[in-house]
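**Q** From first to last, the protein sequence lines stand for chains A and B.
Using the working numbering, you'd call the opening residue of the first sequence number 1 and step up by one each time.
Using the working numbering, you'd call the opening residue of the second sequence number 1 and step up by one each time.
Just so you know, the hints here were simulated from the structure itself, not pulled from any lab data.
Predicted model, so just to flag it, every value in this text is computed and none were measured.
Don't take each hint at face value.
To be verified - With a straight-line Cα cutoff of 30 angstroms, these simulated BS3-like cross-link-like pairs (lysine-lysine) come out:
1. A:Lys57 with A:Lys108
2. B:Lys83 with B:Lys57
3. A:Lys70 with A:Lys56
4. A:Lys56 with B:Lys42
5. A:Lys57 with A:Lys70
6. B:Lys57 with B:Lys78
7. A:Lys108 with A:Lys59
8. A:Lys108 with B:Lys42
9. B:Lys78 with A:Lys59
10. A:Lys108 with A:Lys56
11. B:Lys42 with B:Lys83
12. A:Lys57 with B:Lys42
13. B:Lys83 with A:Lys70
14. A:Lys70 with B:Lys57
15. B:Lys78 with B:Lys42
16. B:Lys57 with B:Lys42
17. A:Lys59 with A:Lys70
Here's the letter readout for the chains.
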Amino acid sequence: TQLLEQSPQFLSIQEGENLTVYCNSSSVFSSLQWYRQEPGEGPVLLVTVVTGGEVKKLKRLTFQFGDARKDSSLHITAAQPGDTGLYLCAGVQRRDMRFGAGTRLTVKP
Amino acid sequence: EPEVTQTPSHQVTQMGQEVILRCVPISNHLYFYWYRQILGQKVEFLVSFYNNEISEKSEIFDDQFSVERPDGSNFTLKIRSTKLEDSAMYFCASRGTGGSDQPQHFGDGTRLSIL
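Using the sequences and the accompanying hints, generate a full structural model.
**A** Right under this line is the structure:
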């Protein structure tokens, strides 16, 4: 059973476009983290959201945690080729973390 | 900036052989993790380790797997009798104190290929 569902699984867009990726679950999390993974490397943390309804901005990236702490979204404004990568959400329950399957984003110049 | 280091970067092993994957977590971190990622698939939790014992483990982490912190710096994952389906990237991660919300810092992984 997939604890965290990420959508879309694949996304290919042109440079300058906006996009949103989603992370959904039927479970409540104490917090949710977004990571980005490049080929051949480990995941690197982008942001942690803790409070229901919380919105965090990281330059052109906006992260939102759902009011019920079951889902989250990542919005990228004016995407650039350097944004290309695998975006993973990870939900924290109790002491450990579980990952979604990721959204593989390709931004074409 | 301190980082998690993993060795080797690539391990090729015959099926049925034992393999040990090594990790050096960030020095003041106390919580340690192993994950695996089969090519093209999701990052899967294997095990967490704190205070010299396993905190949690997933259904993947069966009797063929074990973890150890043999000294103050290394954290190892052993697979006793490897199977073809063990081929994957194995990531080690560590985090400091302050709760599970604190970020986990990942190494660059060991690519394990079982022949």
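**Q** Each hint: holds or not?
**A** Verification of the hints:
1. A:Lys57 with A:Lys108: Given that 30 angstroms is the threshold and the Cα spacing comes to 23 angstroms, the pair holds.
2. B:Lys83 with B:Lys57: Within the cut-off at roughly 19 angstroms; holds.
3. A:Lys70 with A:Lys56: Holds, because 16 angstroms separates the two Cα atoms, which is no more than 30 angstroms.
4. A:Lys56 with B:Lys42: Measuring from Cα to Cα gives roughly 25 angstroms; hence the hint holds.
5. A:Lys57 with A:Lys70: Distance of about 19 angstroms is within 30 angstroms: holds.
6. B:Lys57 with B:Lys78: The given pair, whose Cα atoms are some 14 angstroms apart, holds under the 30 angstroms limit.
7. A:Lys108 with A:Lys59: holds, 20 angstroms
8. A:Lys108 with B:Lys42: holds, 24 angstroms
9. B:Lys78 with A:Lys59: Violated: lysine 78 of chain B and lysine 59 of chain A sit about 41 angstroms apart, past 30 angstroms.
10. A:Lys108 with A:Lys56: It holds: about 26 angstroms lies between the C-alpha atoms, which stays within 30 angstroms.
11. B:Lys42 with B:Lys83: Holds - the C-alpha atoms of lysine 83 of chain B and lysine 42 of chain B are around 19 angstroms apart, at most 30 angstroms.
12. A:Lys57 with B:Lys42: Judged against 30 angstroms, a Cα distance of about 26 angstroms means the pair holds.
13. B:Lys83 with A:Lys70: violated, 36 angstroms
14. A:Lys70 with B:Lys57: Roughly 23 angstroms between the alpha carbons, so the hint for lysine 70 of chain A and lysine 57 of chain B holds.
15. B:Lys78 with B:Lys42: holds, 21 angstroms
16. B:Lys57 with B:Lys42: Distance of about 17 angstroms is within 30 angstroms: holds.
17. A:Lys59 with A:Lys70: holds, 24 angstroms
The structure fails hints 9 and 13 (numbered hints given earlier, in ascending order).
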